[in-house]
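Protein chains in written order, with the working numbering: chain A, 1 to 743; chain B, 744 to 810.
Since the hints were made in silico from the structure, they are not lab data.
Incorrect hints may appear among the rest.
Straight line, CA to CA, 30 Å or less: simulated DSSO-like cross-link-like pairs of lysine-lysine [to be verified]:
#	chain 1	residue 1	chain 2	residue 2
1	B	LYS770	A	LYS446
2	B	LYS776	A	LYS492
3	A	LYS492	B	LYS787
4	B	LYS770	A	LYS586
5	A	LYS463	A	LYS446
6	A	LYS230	B	LYS787
7	A	LYS639	A	LYS446
8	B	LYS776	A	LYS511
9	B	LYS769	A	LYS589
10	A	LYS586	B	LYS776
11	B	LYS787	A	LYS517
12	A	LYS253	A	LYS294
13	B	LYS787	A	LYS511
14	A	LYS422	A	LYS517
15	A	LYS215	A	LYS511
16	A	LYS589	B	LYS770
17	B	LYS787	A	LYS463
18	A	LYS10	B	LYS787
19	B	LYS769	A	LYS59
20	A	LYS260	B	LYS769
21	B	LYS776	A	LYS253
22	B	LYS787	A	LYS422
Simulated DEER-style distance windows between Cβ atoms [to be verified]:
#	chain 1	residue 1	chain 2	residue 2	range
23	A	THR527	B	PRO786	35 to 41 Å
24	A	PRO67	B	ALA763	22 to 28 Å
25	B	ALA763	A	LYS9	24 to 30 Å
26	A	PHE162	B	SER772	24 to 30 Å
From chain A, some residues computed to sit far from chain B (all C-beta separations above 10 Å) [said to hold, decoys possible]:
#	residue
27	VAL231
28	ASP270
29	LYS639
Glycine is no exception: its CB is placed at the ideal position from the N, C-alpha and C atoms.
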Amino acid sequence: MIQVTIDGKKTEVEPGTTIMAAARKLGIGIPTLCHNEMLEPYGACRVCSVEIDEGGRHKVVTSCNYPIQRPVEVFSASPRALATRRVVLEMMLARWPKVKLVSDLARAAGVESSRLTHPQSDPNPNACILCGRCVRMCQDGVLHKVLTFEGRGPSRRVTMAFDEIAPDCVGCGACAAVCPTGAIVMEDDPNHPADGQRIRRAGMVITREMLTLDKHQNRMREVGTATLVKVMNDYDLLPVNNYKFGSHAEANKIDDRVLKTRYFGQGKFDGCYLGCDMNCCKVAEGFVPRTGPKRGRFVVVDGPEYETAGGCGSNMGIFDPHWILEINFYCDHYGIDSISFGTCMAFVMECYEAGILDKKRTGGLELPFGAAEASLTVLHQMAEGNGFGLVVGQGIRRMKKKFAMEYDADPEFLRDIGMESKGLEYSEYVTKESLAQQGGYGIALKGAQHDEAWLIFMDMVNKQLPTFEDKAEALHYFPMWRTWFGLNGLCKLPWNDIEPADNAESDEPQKVPLHVKGYCDFFSGMTGREVGPDDLINMSERVYNFQRVFNLRQGFGTREHDAIPYRSAGPVTEEEYLSREERYDKQLKEELGLDPAGMSLTEKMTATRRYREERYQKLLDAVYKRRGWTKNGVPTLKKIQELGFDQVEGLVELLEQATAKPETTKKSAKKKAAKKKPAKRKPAVKKKAAKKKPAKRKPAVRKKAAKKKPAKRKTAAKKKATKKKPAKRKTAKKKPSRKRTKS
Amino acid sequence: MSDLLVNGDPHPFRDGLTVADLLDQKKYSFPLKTVFVNGARIPKDEWPTHVLHAGDVVDVLHMMSGG
Chain A
1 MIQVTIDGKK TEVEPGTTIM AAARKLGIGI PTLCHNEMLE PYGACRVCSV
51 EIDEGGRHKV VTSCNYPIQR PVEVFSASPR ALATRRVVLE MMLARWPKVK
101 LVSDLARAAG VESSRLTHPQ SDPNPNACIL CGRCVRMCQD GVLHKVLTFE
151 GRGPSRRVTM AFDEIAPDCV GCGACAAVCP TGAIVMEDDP NHPADGQRIR
201 RAGMVITREM LTLDKHQNRM REVGTATLVK VMNDYDLLPV NNYKFGSHAE
251 ANKIDDRVLK TRYFGQGKFD GCYLGCDMNC CKVAEGFVPR TGPKRGRFVV
301 VDGPEYETAG GCGSNMGIFD PHWILEINFY CDHYGIDSIS FGTCMAFVME
351 CYEAGILDKK RTGGLELPFG AAEASLTVLH QMAEGNGFGL VVGQGIRRMK
401 KKFAMEYDAD PEFLRDIGME SKGLEYSEYV TKESLAQQGG YGIALKGAQH
451 DEAWLIFMDM VNKQLPTFED KAEALHYFPM WRTWFGLNGL CKLPWNDIEP
501 ADNAESDEPQ KVPLHVKGYC DFFSGMTGRE VGPDDLINMS ERVYNFQRVF
551 NLRQGFGTRE HDAIPYRSAG PVTEEEYLSR EERYDKQLKE ELGLDPAGMS
601 LTEKMTATRR YREERYQKLL DAVYKRRGWT KNGVPTLKKI QELGFDQVEG
651 LVELLEQATA KPETTKKSAK KKAAKKKPAK RKPAVKKKAA KKKPAKRKPA
701 VRKKAAKKKP AKRKTAAKKK ATKKKPAKRK TAKKKPSRKR TKS
Chain B
744 MSDLLVNGDP HPFRDGLTVA DLLDQKKYSF PLKTVFVNGA RIPKDEWPTH
794 VLHAGDVVDV LHMMSGG
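Turn these sequences into a full structure, and let the hints guide you.
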């Protein structure tokens with residue numbers, strides 16, 4: 001820290017802080033014209049000139065861009081500083097005599113009129129004073145580079161290329177927002193909002209934060225969401241090897257520091273749409289793929305962002321950034337979702353290591369965790385529609401069926417490790433220690449995506465959601481709130497990937513109240529209808545419930561479809577349990593009152609599983625109740641009536657059927673449950689212990705077993721019949737024997 | 744000597760431990776967070792100098808609700 005004295009007041013600042021910033025910290029105002037806190041200091045107008053004493057040497061400097069590197073004394077209104085300021089303002093006054101900002105500043109400096117004359121004196125009260133704020137905003141703020149200066153000296157002016165209205169100017173209005181004189185104004189709003197200014201004001205709140213706070217917060221402009229690789233690794237949330245683990249020693253090889261240094265361009269526009277100042281989609285230029293149709297050619301890669309780095313990197317056991325970028329590139333090139341690809345391949349890799357798949361079944365590919373090149377082969381095959389890519393391209397849900405039916409893989413094991421819900425592959429967060437987030441994935445209408453609710457920090461780290469009711473409330477509010485962005489075609493990221501400086505002091509910081517207010521202003525400014533935060537939630541609730549009913553009509557909208565793979569909730573394998581043994585044992589002791597010291601590993605895993613699966617069911621009960629749904633996860637007629645869309649044809653009958661069904665099935669289900677459920681749980685793990693443990697430890701043995709059973713059974717059975725039928729009987733016999741041990 | 748209580752969990756205390764040290768030990772690297780010690784908010788620029796005491800209750804609120 002460096003000591004600074006300004007007009008007799010002392011403070012300490014970081015090296016590199018400007019005099020202007022230090023003065024503001026002390027509450028001392030220094031007049032300025034071209035400076036704006038959102039933009040890099042420019043020093044063009046020189047109105048902010050001050051006198052400094054630095055090591056005994058006195059000089060006049062522009063305070064907006066003078067970095068403090070050693071102790072300094074500043075005199076903001078010394079005779080020498082004032083004289084400089086006055087001359088500058090007299091020159092401006094001569095050229096722009098009617099511009100209010102200039103005359104106000106001049107008057108404040110003691111200049112009533114100019115002694116000078118200017119050949120290009122402009123009497124326009126809204127004249128451009130060449131402060132350059134608009135040009136810097138366009139170039140450095142929104143990185144669009146449409147506005148520029150042309151000419152030198154008196155002929156200098158702001159213009160666009162070739163002095164024409166640039167066709168790629170999208171009218172984002174950021175230049176107008178920083179223009180101090182009104183020389184640039186937005187005259188036409190193509191969408192005809194009720195109050196365009198209100199929308200722009202709300203937008204500028206975010207712009208200001210992006211340009212002043214982002215560099216100290218999530219650095220979205222610098223590295224995008226890739227910043228989360230390190231963060232998630234630190235919090236044990238980065239998926240590694242098909243979500244088995246939450247961190248890895250080599251995660252630092254694929255985090256934002258590496259991506260920025262080696263690949264990401266800086267200072268160029270690469271956002272989703274022109275005018276966005278968050279600009280978080282980072283681009284790698286000059287990348288050369290090593291495989292596929294673009295091998296050896298220079299290409300541009302859009303990313304990777306966090307999900308791709310996690311999904312196509314750590315979750316597949318890949319820690320070489322080149323391969324992540326190459327997978328990223330080809331996913332985009334072929335139009336394949338990199339999250340689904342990464343999660344599918346992670347599943348395939350675990351199946352390969354568990355002996356369910358082998359080279360014969362993958363068409364000669366070796367696919368253990370980390371097999372980057374072979375994964376790219378699968379990706380190319382997927383796009384071409386041939387080879388093993390045809391299998392993987394069908395997604396985890398269908399792969400599970402295929403592997404169970406054709407390769408005699410244990411369906412329960414596949415269900416546990418196949419990270420999908422409603423047929424959609426999980427995005428890239430480990431949720432084992434956040435029950436609320438398990439619900440966030442499981443209950444999400446479109447399948448396992450975190451864009452309805454991301455509650456891991458609130459739940460797991462902050463411990464703000466201790467009860468089922470707390471979690472249910474969060475699983476009501478956040479999905480409704482986030483649905484609202486979709487309804488309005490807005491990006492969610494500016495809501496909470498940048499936050500007001502004083503957000504922590506608000507009543508509900510997790511909701512970012514100032515930004516919620518901004519979205520209310522946006523909606524009201526657009527439609528002319530005054531709305532508050534609750535109105536936005538109500539809008540979403542109608543749509544969200546309608547979507548749930550739509551799911552119901554399509555065969556997905558009930559409790560059974562909100563199920564999650566067990567790996568989402570807890571450790572499936574011994575190695576997973578052992579990797580977090582202390583945590584799981586602690587839970588057994590503190591939350592279940594068990595003594596882990598006296599339990600075998602299998603017993604501990606069984607108890608942990610039972611506890612975690614029951615918790616998830618309780619969570620579903622609480623969420624459904626909060627949302628006004630039946631225990632089967634169906635919106636009640638009363639709820640639909642409240643929301644006002646009960647008149648939709650056929651909807652009432654649909655709800656009645658859905659509500660009636662579980663009641664009838666429940667009775668028989670209860671009977672079965674009495675026998676099966678408890679039975680299933682205990683032996684499920686025992687069964688695994690019997691089947692899987694040896695398989696994991698000795699994959700070769702398992703491979704043989706897998707090979708022997710159905711694949712050969714089916715093909716060979718028809719020809720050689722006799723030997724394999726008994727094998728079938730064996731598996732058939734196992735089931736009843738399991739029941740016996742359970743009951 | 745009693746531990747600290749950090750987000751509801753015990754954490755070993757040592758003399759001279761500052762808020763910044765604690766965040767480092769916990770690997771709380773996410774930048775958007777607010778720290779409360781015994782209910783009082785500690786401004787970010789005081790984290791390196793704010794010394795914790797045995798038995799302090801520390802709440803570190805991470806302001807992330809997802810992207």
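The hints, checked one at a time:
Taken as a hint, the LYS770 (chain B) and LYS446 (chain A) pair is broken in the structure, with Cα atoms around 33 Å apart against an allowance of 30 Å. Restraint check for LYS776 (chain B) and LYS492 (chain A): the C-alpha separation of about 20 Å stays at or below 30 Å, so the hint holds. For the hint linking LYS492 (chain A) to LYS787 (chain B), the alpha-carbon distance of about 26 Å falls within 30 Å, and the restraint holds. Among the hinted pairs, LYS770 (chain B) with LYS586 (chain A) is consistent with the structure: their alpha-carbon atoms are about 21 Å apart, no more than 30 Å.
With a C-alpha separation of about 27 Å, the suggested pairing of LYS463 (chain A) with LYS446 (chain A) holds against the 30 Å cut-off. Between LYS230 (chain A) and LYS787 (chain B) the alpha-carbon distance is near 21 Å, which keeps this suggested pair within the 30 Å criterion. Restraint check for LYS639 (chain A) and LYS446 (chain A): satisfied, since their Cα atoms lie roughly 21 Å apart, inside the 30 Å limit. The hinted pair formed by LYS776 (chain B) and LYS511 (chain A) meets the criterion: a straight-line CA distance of about 14 Å does not exceed 30 Å.
A hinted pair counts as satisfied when its Cα atoms are at most 30 Å apart, and LYS769 (chain B) with LYS589 (chain A) qualifies at roughly 23 Å. A distance of roughly 27 Å separates the Cα atoms of LYS586 (chain A) and LYS776 (chain B); the hinted pair therefore holds under the 30 Å criterion. With a C-alpha separation of about 26 Å, the suggested pairing of LYS787 (chain B) with LYS517 (chain A) holds against the 30 Å cut-off. Taking the CA atoms of LYS253 (chain A) and LYS294 (chain A), the gap is near 25 Å; set against the 30 Å cutoff, the hint holds.
With a C-alpha separation of about 21 Å, the suggested pairing of LYS787 (chain B) with LYS511 (chain A) holds against the 30 Å cut-off. Restraint check: the Cα-Cα separation between LYS422 (chain A) and LYS517 (chain A) comes to about 34 Å, which exceeds 30 Å; the hinted pair is violated. The straight-line distance between the Cα atoms of LYS215 (chain A) and LYS511 (chain A) is roughly 21 Å, inside the 30 Å bound, and the hint therefore holds. Pair hint LYS589 (chain A) plus LYS770 (chain B) holds up; C-alpha atoms about 26 Å apart against a cutoff of 30 Å.
Of the supplied pair hints, the one linking LYS787 (chain B) and LYS463 (chain A) holds, its CA atoms being roughly 21 Å apart against a limit of 30 Å. Distance hint between LYS10 (chain A) and LYS787 (chain B) is fulfilled; the C-alpha atoms sit about 21 Å from each other, no more than 30 Å. As the CA atoms of LYS769 (chain B) and LYS59 (chain A) are separated by approximately 48 Å, the hinted pair breaks the 30 Å bound. The hinted pair formed by LYS260 (chain A) and LYS769 (chain B) meets the criterion: a straight-line CA distance of about 26 Å does not exceed 30 Å.
Taking the CA atoms of LYS776 (chain B) and LYS253 (chain A), the gap is about 25 Å. The hint holds against a cut of 30 Å. For the given pair, LYS787 (chain B) sits about 43 Å from LYS422 (chain A) by alpha-carbon distance, which is inconsistent with the 30 Å threshold. Distance hint check for THR527 (chain A) and PRO786 (chain B): the Cβ-Cβ separation is about 40 Å, which falls inside the suggested range of 35 to 41 Å. At about 25 Å, the CB distance of PRO67 (chain A) to ALA763 (chain B) agrees with the hint of 22 to 28 Å.
The hint said 24 to 30 Å for the Cβ distance between ALA763 (chain B) and LYS9 (chain A), and at roughly 28 Å that hint holds. A C-beta distance of roughly 48 Å is found between PHE162 (chain A) and SER772 (chain B), which places it outside the suggested range of 24 to 30 Å. A beta-carbon of chain B is positioned within 10 Å of the beta-carbon of VAL231 (chain A); the least distance is around 5 Å. Annotated as non-interface, ASP270 (chain A) keeps its C-beta farther than 10 Å from every C-beta of chain B; the closest such distance is 17 Å.
Interface exclusion of LYS639 (chain A) from chain B stands, the closest Cβ pair being 25 Å apart, more than 10 Å.
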